[in-house]
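> Given next are the chains, with one letter for each unit.
2 protein chains.
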Amino acid sequence: MTHPLRLGIAGLGTVGIGVVKIVKQQAALLAARTGREITISAISARTRDKDRGVSLSRFAWEDDPVALATRDDVDVFVELMGGSDGPAKAATEAAIAAGKDVVTANKAMLALHGQALAEAAEAAGRVIRYEAAVAGGIPVIKALTEGLAANRITRVMGVMNGTCNYILTRMEATGQGYNTLFEEAHKLGYLEADPNLDVGGIDAGHKLALLSSIAFGTRVDFDGIELEGIQRVSLDDIRHAADMGYKIKLLGVAQMTGRGLEQRMSPCLVPAGSPLGQLDGGTNMVVIEGDAVGQIVMRGPGAGEGPTASAVMADVCDIARGFRLPVFGQPASTLTAAQRAQSVLPAPYYLRMILRDKPGALAKVAAILGNAGVSIHRMRQYDHVDDKAPVLIVTHKTTRAALDEALTAISATDVVTDAPVALRIETV
Amino acid sequence: MTHPLRLGIAGLGTVGIGVVKIVKQQAALLAARTGREITISAISARTRDKDRGVSLSRFAWEDDPVALATRDDVDVFVELMGGSDGPAKAATEAAIAAGKDVVTANKAMLALHGQALAEAAEAAGRVIRYEAAVAGGIPVIKALTEGLAANRITRVMGVMNGTCNYILTRMEATGQGYNTLFEEAHKLGYLEADPNLDVGGIDAGHKLALLSSIAFGTRVDFDGIELEGIQRVSLDDIRHAADMGYKIKLLGVAQMTGRGLEQRMSPCLVPAGSPLGQLDGGTNMVVIEGDAVGQIVMRGPGAGEGPTASAVMADVCDIARGFRLPVFGQPASTLTAAQRAQSVLPAPYYLRMILRDKPGALAKVAAILGNAGVSIHRMRQYDHVDDKAPVLIVTHKTTRAALDEALTAISATDVVTDAPVALRIETV
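Protein sequence lines, in the order shown, are assigned to chains L and V. Per the UniProt record's numbering, the first sequence starts with residue 1, numbered consecutively. Per the UniProt record's numbering, the second sequence starts with residue 1, numbered consecutively.
These are calculated hints, taken from the structure and not from any lab test. Check each hint, because a few of them may be wrong.
Restraint ranges, calculated between C-beta atoms of paired labels, are given here [unchecked claim]:
no., chain 1, residue 1, chain 2, residue 2, range
1, L, Thr-417, V, Asp-280, 40 to 46 angstroms
2, V, Asp-280, L, Leu-235, 29 to 35 angstroms
3, V, Ala-97, L, Ser-57, 26 to 32 angstroms
These stretches of chain L come out as covered by chain V in the derived footprint (C-beta under 8 angstroms, 3 or more residues) [unchecked claim]:
no., region
4, 320-326
5, 368-376
Every residue gets a Cβ at the ideal spot worked out from N, C-alpha and C, and that includes glycine.
Can you make the complete structure from the sequences, with help from the hints?
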């Protein structure tokens with residue numbers, strides 16, 4: 001057995017403490033599996049004096065994460081502070097410069113600075129690992145970089161924000177509206193300090209940007225994601241989608257098209273009977289499609305002490321075993337700039353509009369859709385209430401451009417009360 | 001870039017040809033991802049002159065797989081012949097002795113000779129990789145050995161024989177009996193040359209034995225599996241299970257109990273709404289439960305050219321990247337002999353029996369169950385037809401021993417027509 005692999009852990013929140021517990025409690029198992037002892041040399045957090053439910057007295061303390069990251073007795077800097085910039089980034093850069101490997105759960109930092117950090121790490125012969133940054137305990141980065149390495153990836157999809165999925169599935173189950181369930185999620189501690197990271201789709205977008213880069217060999221391009229949160233998903237849409245056999249999910253999709261990389265994170269309809277449609281509550285799911293393998297679906301807990309620490313420690317075990325690979329699965333210098341292609345791929349859409357009770361109202365809508373080249377697959381009109389009738393339409397595949405043209409024209413008529421709602425239906 | 005990694009491929013059936021295609025068609029992608037060129041030096045198969053739809057003229061030919069495995073220009077011996085003994089084993093042993101790494105899809109060989117092969121490989125400093133041997137394209141060996149390496153695994157379950165799952169789901173969908181759908185599967189080419197490998201649960205049992213060993217650090221123990229095929233699953237059971245909210249699956253379960261390792265491969269009931277219950281057709285699913293991560297579910301194609309070749313090539317990529325780990329995730333010398341524990345864990349059971357129309361018949365059955373300590377959770381009696389009434393019972397958790405005692409006593413009465421059917425209900 002070679003000398004121990006020594007960790008320096010910055011950030012002692014839920015995940016950091018979970019990592020400490022695994023290192024302490026599973027020492028024999030980890031040594032048997034990796035052939036090396038794994039130890040903790042030093043720790044760092046914002047507050048030192050705090051009962052964290054586990055004894056930390058045997059580890060050196062550093063107030064400054066940069067000092068921790070560069071200690072001589074640290075082989076791997078474990079960054080669990082979070083935040084895209086500030087101390088997390090400074091300490092990560094310092095760790096690389098000091099010749100340390102890095103394991104992090106920080107999706108924001110990598111989604112925004114991944115290319116520069118990868119280039120620095122690879123120039124220094126160091127690795128940055130981040131299994132815990134995407135889909136919690138699901139070993140999806142490993143599946144993509146290694147398990148499916150012989151595939152040309154064609155599409156990656158995922159429900160990767162448990163809080164959003166919790167809110168959406170609770171809306172359907174309880175019939176309560178978005179605002180009520182947002183409050184419920186807040187009380188349960190499910191929301192980030194800035195809730196927009198969750199419900200605005202940003203957190204899930206960070207994860208998608210990382211998966212895209214690995215899948216398609218492109219530089220991480222968070223800004224290239226067409227991003228829409230769940231704030232505007234109404235109870236009506238959830239109910240009506242269910243009537244038509246669909247569920248609404250905050251779904252991330254990355255797909256290489258003939259015109260470039262399409263990345264979307266938005267509320268989509270998926271078939272109620274599909275694995276994505278059946279995903280309830282805080283669980284995450286990632287779907288990977290490759291030319292050889294077909295479709296692989298992975299499901300598991302997307303957050304929490306145990307699952308996230310499990311992923312962090314998987315990365316540590318790989319480093320202990322001497323498994324070293326480039327940050328995004330191929331050298332950062334070979335990653336190409338992603339050509340952005342937004343809504344290039346045609347898709348079916350779900351449309352909901354409120355029709356006024358006028359003669360020929362529906363005919364007018366149908367004619368506008370037809371003129372724009374949008375053909376109707378299924379349509380359902382409900383009873384008029386106060387002279388207003390909800391109309392649901394599922395279109396055949398259409399481009400977003402054609403659809404937008406039709407929706408603008410429909411909104412300009414006097415037969416609908418508001419702008420129609422349009423949600424993409426993702427084929428799974 | 002270091003020198004190319006040179007493969008010698010024995011077996012040019014569906015999977016072998018799939019591997020050749022990937023090496024040829026994805027050369028650039030593989031080199032970008034692994035940092036090495038991957039080439040094929042030589043090939044071997046039973047018949048040389050046969051149109052396999054891909055040009056093989058640039059590869060050296062060997063009639064004898066042992067000669068192929070030991071060639072100087074071969075770094076990795078890719079064993080895709082199959083068969084637990086004979087040429088596959090001889091060539092694998094020769095490859096190891098000659099200092100080659102081995103990649104194989106051969107579950108039977110490893111399930112029966114895994115310990116000896118692993119010891120030989122590790123003594124020689126060689127690796128044997130077999131992602132393709134379990135659950136086709138799903139990177140489940142990697143998930144277990146690496147992605148979840150920091151977990152004490154508590155249970156592994158899986159539907160790992162697509163043919164059985166195809167037959168069972170078609171029975172439910174079409175209302176046709178086992179024999180009819182066995183013939184259908186046969187005509188479609190879904191069955192092994194010896195169909196008992198599929199429908200007898202042996203093939204799936206081989207896979208379970210490999211997963212058990214990795215999960216629990218025990219020597220592979222195929223003979224320790226409580227094995228039952230799907231031949232006796234009746235249409236009545238499928239229908240009645242559905243009435244009670246369950247599906248019948250050929251389910252493998254490996255679990256470490258206080259009294260040893262319990263390994264079962266048998267038709268079980270699972271909740272219809274669970275991921276396992278919703279798995280239709282030839283798709284495979286593996287469920288892994290660990291103390292830190294909770295439950296991870298992986299789903300994907302369990303067979304076929306592309307998926308299986310994808311898994312073979314993932315192992316080749318790992319070798320190209322220099323990732324080396326023991327055959328069962330920890331050194332073969334540290335694996336412990338599995339203490340066999342059969343049906344130790346209590347479980348709920350589904351019982352079906354045909355009751356004669358006699359006064360007090362049901363009371364008698366209930367009394368016998370009660371006396372054996374088996375309590376009834378749900379019961380449903382159907383109408384009598386010709387003085388016979390089907391009765392379905394879902395029990396609370398009970399030991400198999402208590403249940404068997406009750407079933408023997410029930411069979412000995414004059415109130416049932418045949419021995420009751422008993423199927424375990426697996427909690428998922």
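> Each hint needs a verdict: does it hold in this structure or not?
Cross-check of the supplied hints:
Look at L/Thr-417 against V/Asp-280: about 42 angstroms separates their beta carbons, and that is inside 40 to 46 angstroms. Separation of V/Asp-280 from L/Leu-235 is about 31 angstroms and conforms to the stated range, judged on CB atoms against 29 to 35 angstroms. Between V/Ala-97 and L/Ser-57 the CB atoms are about 52 angstroms apart, so this pair departs from the stated range of 26 to 32 angstroms. Only when three residues or more bring their CB closer than 8 angstroms to a CB of chain V does the claim for the region 320-326 of chain L stand; here the count is 5, and the claim holds.
With a cut-off of 8 angstroms between beta carbons, the region 368-376 of chain L has 0 residues touching chain V; three or more are needed, and the interface restraint is violated.
Of the numbered hints given earlier, the model fails hints 3 and 5; all others are met.
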